[in-house]
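Asker: Put the two chains together into one complex; each comes in its own frame, and the hints tell you how they fit.
Just so you know, the protein sequences line up as chains A and B, in that order.
The first sequence begins at 8 in this note's numbering and counts up one residue at a time.
The second sequence begins at 2 in this note's numbering and counts up one residue at a time.
Hints in this document: simulated from the structure, not taken from any laboratory.
One should not assume that every hint holds.
With a straight-line cut-off of 30 Å between C-alpha atoms, the simulated BS3-like cross-links for lysine-lysine are [claimed, not checked]:
no., chain 1, residue 1, chain 2, residue 2
1, B, Lys192, A, Lys108
2, A, Lys373, B, Lys285
3, A, Lys456, B, Lys430
4, B, Lys579, B, Lys524
5, B, Lys47, B, Lys121
Given the structure is predicted, the values throughout are model-derived calculations rather than measurements.
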Amino acid sequence: MSKHPTITKDFSTVTAISGPLLFVQKTQNISYGEYVELLSSDGVLRRGQVLETSFEMAIIQVFEGTSGLNLKDTVVRFTGEPISLPVSSDAIGRTFDGSGKIIDGGPPIIPKEKLDVNGSPINPKSRAYPTDFIQTGISAIDGMNTLSRGQKLPLFSGNGLPHNDIAAQIARQAKTKRTEEKFLLVFAALGITADEARFFRKSFEESGTLNRSILFMNLADDPPIERILVPRLALTTAEYLAFEEDYHVLVIITDMTNYCEALREISAAKEEVPGRRGYPGYMYTDLATIYERAGRIHGKKGSITQMPILTMPNDDITHPIPDLTGYITEGQIIVDRGLHRRGIYPPIDVLPSLSRLMKEAIGSNKTRDDHREVSDQLYYTYAEGRSLRDLVAVIGEEALSERDHLYLHAAEMFEREFVSQGRYEERSVEETLDIGWRLLSNFPESELKRISPSTIKKYLPKSTLGV
Amino acid sequence: MQKLESQVGVIEKVVGPVVFAKNMTGSSMYEVVKVGKLNLIGEIIKISGDHVVIQVYEETTGLAPGEPVFRTGAPLSVTLGPGLLNQIFDGIQRPLEILERESGFFIKRGKYPDVLSKSKKWHFIPTKKINDYVQAGDILGFVNENPLLEKHGIMVPTNVKMGVISKIVDEGDYVIEDEVAEIKTDDKLIKVNMITKWPIRKPRPIKRRIDIFLPLITGQRIIDGLFPIAKGGTAAIPGGFGTGKTVMQHQLSQWADAKVIVYVGCGERGNEMAEVLERFPQLKDPSSGLPLMYRTILIANVSNMPIAAREASIYTGMTLAEYYRDMGYDVALMADSTSRWAEALREISSRLEEMPGEEGYPAYLSSRISEFYERAGCCEVLGSDGRYGSVSVIGAVSPPGADFSEPVTQSTLRVVKVFWALDTALAQKRHFPSINWLTSYSLYKDDLNSWFDTNFASDWSALTKEFMQILQQEEELNEIVRLVGPDALSESQKLVMEYAKKIREDYLMQHAYSLTDSYCSLKKNYKMMKLLSYYYTKSKELINSGVPLSKISSLKSTRDLSRMQMVSNEEFDQFYIKMEELLRMEMASLMEEINLE
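Chain B with its partners taken away, still in its complex shape (with noise of 0.2 Å):
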């Protein structure tokens, strides 16, 4: 390694973010450099003989030819222990925090500040003593890392296949680099401390892969309801802008139920990253009542940052949710805009002239996107006591001109399981979340209807069927009345109309800024669709009967059903009873009328 340090390459040109260095024999692909006399990182992406290319993670303004090119010999990786949560970096790990403390408010050149802090302490409890076997990714220990995670795991580097633990600290306070472990292998005696280092686009190993079977509960009823995603799935909301991807993202890293939120904001905008610093701080966990921030990592590369940094930020995050995965937690990782980094990756494709394929995007774009979506998932991770641990993977997706032909959407759908379309004609509608319950789907949604009916609700499913048949319905119906006008259905059609259209404006729509609708719980979820299921099968009774739509619809119970989204969780089961009750008698008294008639 020392040898390598010591060759220095050259620069012959620069172009943009993509720069082309000479006398750089033995270097390999990957490979971080640090480039010209202001030392920006970059990383090596093409070699040919002694001449490489490199992209470089930094603005190249003012690099000239000539200057030198150091090498490292390692790849690009990310710094990973106790201290990541509660953070924001950027796309290649800087911390923007301490950037901020050390070069003001504007990002500055060839920084590179420690990652976590060396001098905090971390308190750590041991779980394994000496003697004990090990296998890589067990825990050796313990440190409370902040009140929503307390069980930071310490585990054994994954290169070690079985070793004994000859050393280990006893309980107290440490710094990450004090070795807490030494483990002797047949070969090796390795010394651990609390943090490691990964390869980004390396996928960290994991024992085998398992069945997807939990769903991951959101608080947003038509996901939760409709198109549910599960624990280790992969997701893609792709929509023109206006149409809110971004609310969405917010949204469920808000109130998913996963222990760890990796965010990754690529390529967007800066205000937003503003936005999320400063409401999740102050926005609680719906469970223990803790600042959602605790349980929060935030990779920034907004739009005006490199563009070869932004490409790297989905592996810096993938590879941040893989180590929380790794100690047996559930992560969800929120990638926004995938669209972005494809747009580096054409940009860096472009500029080292190959061919291009569809709208100018590397014909590798599809492999690299399936490359990535198939980090995600649920496993047993390393480790001899059999945890289980999963990555979910919600990327959104913009597509130019809210057309979904295009190459990313497309490469997108190929590989993730569900598929939220965010619709422009709804988003103008004011209709949020603007999903399309028409051209949405989720390909979990059989498998988790068994959980949702076994452990939630035994008829959780066939009402979320009755909702889609009912909403198909609709579009069927809707098809007539442009044609023939309104009145040529029949009573009964424009009962389900009528109910189709309290589907959508009292269930679907979600209030993302209302404190009592931001999130709802499947128990209210549930028992808002047992409310509208029965109100249209009493008045489907009634309609038999000959009572007309008109006289259901201005009854008080009718009227009402549209406030119950502003309802909260706590007071729902009591609201519940008294509105089931209402439609009961309301309904039961217009009966009697028709028939004394």
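Next comes chain A alone, as it looks inside the complex (with noise of 0.2 Å):
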């Protein structure tokens, strides 16, 4: 947002084009991160960055691709500015493409005020700690790994897991105990299918949650590069949102591993050395200017909240993606094949899953008094029991005593009552915490070293219910 009246250079010097990039000869005065147009004899008009300038060459990316462009049509209009985005709240229940255009078919919309897209870092002075529990309505999560406003917490998956249909069922079901709160969705859509892309259009639509959603989509055809762009559009938007209108963002972007892929693409074609993989060297901070986009800030309502979802490609969680985005997040939700497998919706394992602000998000006065001690336990005997499932693997049932034979039993009925539930069943907190009691009574009282006697004589179901 530059105060100085917008002065365009016009540049007709291409020299070389390669992969998404475009090298400018003779350029002067370019700034680095600038916006640009590129007017070509086919018509369309595209758009870039630069990013790399000097006296004699500028280096652009091409968000639309460059297949099309030629050496001598091409004219480089140099904007002066970076890239930035009109931002409005009637932006709400808008549809718009990858570039930020609408595609609706609605109306414009009149921006108050234009924002860039790259945003500034929270001055982490200025932040508040995130502790407002969200009520996603799924066990696994509300009552293992608590989301909390302001929190960045990430869907790790794979190809073909129903990641899509979790997080729309949290895009349905998520709310906070204060529900006259404004609530609204930001939806980023990074080379996912058409298909799905309907699919989550329509879920929206019928849960009522397209009129509070603003929906960035770039598809499986979309332009792969314009994919650097579109999370930053969505969070632009969403920073005006929370910070300046009070509005309680949560942001779900997928697929992040697309995003990746872009960024991998600009990195080889610009010939940098490559890190882990093929994917730059830069990519850890490269991904922090995007998820570290969530929080909360002192002295405003409004909060973000992210969810991105990443794909790990051959499900291998120390592949770079998943791996960086995990030292950024603050935790992560892992959607296992295993469980898939076995039918159990949604396969979350909570083994490996973590939040890391859950302890500030749960307790007395956020959801019940009992959650921390009957989530601690319930994972030790879901963990032994999973250890037990090994075990029984190489030597067999027969090898176990009677409180082993208790804990793979209790395993198995965790993931049957637990973690399986309906998509369209919402639990409240209460209820999960109250299930997980249900499969605690199974265990005599010595066994639940994890909650305080008072606690066990507070809820512990006084009858054993024979499951």
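Answerer: Below, the structure is given as structure tokens:
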């Protein structure tokens, strides 16, 4: 948002095109990161951004891709300004494409402000620590890996797993105990298929979420380099609405794997030294400029909660994309293929999943006073049962003690009763915890080491339900 | 110096955080420059003829070739003086609180407010008088910085070899820029006020290094008991994501018995810094009951803040730590995470198109890491009174894919003496702190054993050794169980397994967020070990006489052992007496039963 009048400069000195990059010679006073428009003989307006600038040359990444461009006819128009996005609360309920153009056929929007899409880092001193519980209605999340306002909690999934259903269910059901507040969904699609896009749209329409949503759609057949831009558009909108208009914004971005692919493509075209698996060495920092745009700010009513979805290539959690993401986000929800195969929905594996902000989001004023202890105990019993399952695979069930059988059975029941629920089933956190207690009631009290005697007294169901 | 300022270079090229400039004849390595119309701070990292390469400490969007570059003639330095504690800075020591006041909750570029307040008055009490001979490091007087650090020493500058005080102010209130003393040396008159500047990449001088002999008590059982760190020591905490590196760092900065804590949040999460900022002021120092923030300096350069400033942040933190060490204090520096710092190094190196070493990291990664950890240590600091001070460094490492064979972990392990390996499998079992007891080590253990045995309890090291042996045995027995099932074990082997389980679950595990368990005093730590060991000795006798393990396990006393974490430090003595008595009685009656049969 420069206050100076915009001075555009046109150049037709393109000397090389390589992948998504354009090399322009004899440029002058072109600033780093500025927004560029490309005019070509095919009449299509393309947009780009300066990645490198010097007296002799500027390198430009072209969001729409370079196919169809030639050296002779391409005119490069430098705008002297960073890429910016007009923002307004009128955008609520509307759908945009990956470049920020309206694609729902509705009227244009009168912007309140124009903001640099790169945003600025929030001063750590200004941040308010997230402590407000968000109820997603999904037991595996609410009970074991609680989400809170201002958190960034990704779904780590794999190809063919129902992460979209989970995301849609969360988008439908997410609420806080204070219902009077303004809630908003910002949805950014990066290279998802038209089917998936339709699924999300339909799901939002059916549940009435659409009129409190803003959608940014870059589909599988849209320009891949544009995916660099889409999360930034979504988050710029989210930031404006959260911190200027007091909305509580949930941002769902799917699929971050496609974002990273685009990043790699540009890096390769620039012939940079590659890091692990060909991804650029700065991918951590780059991802941080997206994920860190979540949070709450002292003195502001609104908040941004992020739920990025990524598909782990080959279900490998050590792959750079989930790995670097996990180092930035405040935990992760793991969608597991094994559970999915056994027909459990949502197939969330609570053991490797984690919500780092859970401890502050639960407890007597937020969820219920027994929450932490129940979740610790369930966690322990499930982990114990799962490790016994591995043992059984080796030595057979006969060798197990009675206690072991109890745990083995409990792990099974945990998956079938606690984790598993319907796609449209919305459980309150109290219901979730009660299911937990029902499972724990199968154990003798002496096994419930993670729960204090007073909590046991207060909540443990008296009669053991046969399960 | 005046002439330098007038020399203005020109930007030639901008690539991310790296700027190339020309017309820079005479500039020196690591000299600070102001880049472009926005006056962004940068540092010269490469010189070739009149061309230089600059890493810029702020976002470079909008910089264009042709814009000016101003030289300052000085290297990147931090400001040292009273008022550093209880503050939060970014990687180049910009005070974030003032920045927030001046430019709102998003960080704006090109703003450099004063690090320390120029108007705040400090109460200065001189300790020297006119005509006293002084040398570098001598304390001229104290100011009361805050209730946790009442004696902030104002020291004779390091460049004064020997001099005599020609003027010193009376006790009274002064601002940092007021002159408090004048020292006459052979050739000049040196005026001293309460602030100094020091280049961050240059270690502050000391008199000599001394042997490390005191433990840094952390209140964490597994650390104090099995893998202790010494004051002035170095430790690394590598672990994949979710293994609790940051929680460990927070725990250590809360409870370590250092006088000053410098916490460097280097390329990590903003919300974590917010947590520290909200929690620390409420936490009380265990010995004095005062807010812990009073002894803490936070450096926050979170992951989406500029990368070059992240590179600088650990040096900024280290220099602040050394400054308090020079007053004769024990300082602990936490760096979370050094991997992010190494990545900053890698990114800048790759923009310079340097030949990459392993995994794209520059070839000098390893030497930079050792240089940094070398600044830790126990030493006699400058000054004629023979003060001792120390800087302990605890660095978190975030290996990609939790693979410890990667370059940052490996280079770090070559220099640090303590290795707390955080284990993903343990973390998934919610075993926290998830320090793996089989792979971790502390090279200070042998040296510190004698301290623990002579100053604390004569059987301390014997107990910790017993624990380690049992845990090792458990691992071997686990192998057998995995192969042939638990039935193959004898009763005494089962007891070892049971004992090991108790050590793991009742001793090694510690709840960071539980009020009673978050800090475990050495006394409680010792008595917990005693109780467990007593349980084992007695049970072994019973097993040898033919009592089945299941009978021992069903005793109230053995079950109650698992509640001992939740007994507070203050009540533990009493609990210990009762518990030992109960164990003794119940086991004795079991013995009687078997003898009757």
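Asker: A separate judgement is required for each hint: does it hold in the structure or not?
Answerer: Against the structure, the hints:
no.: 1; hint: B:Lys192 <-> A:Lys108; result: violated (64 Å)
no.: 2; hint: A:Lys373 <-> B:Lys285; result: holds (25 Å)
no.: 3; hint: A:Lys456 <-> B:Lys430; result: holds (15 Å)
no.: 4; hint: B:Lys579 <-> B:Lys524; result: holds (16 Å)
no.: 5; hint: B:Lys47 <-> B:Lys121; result: violated (40 Å)
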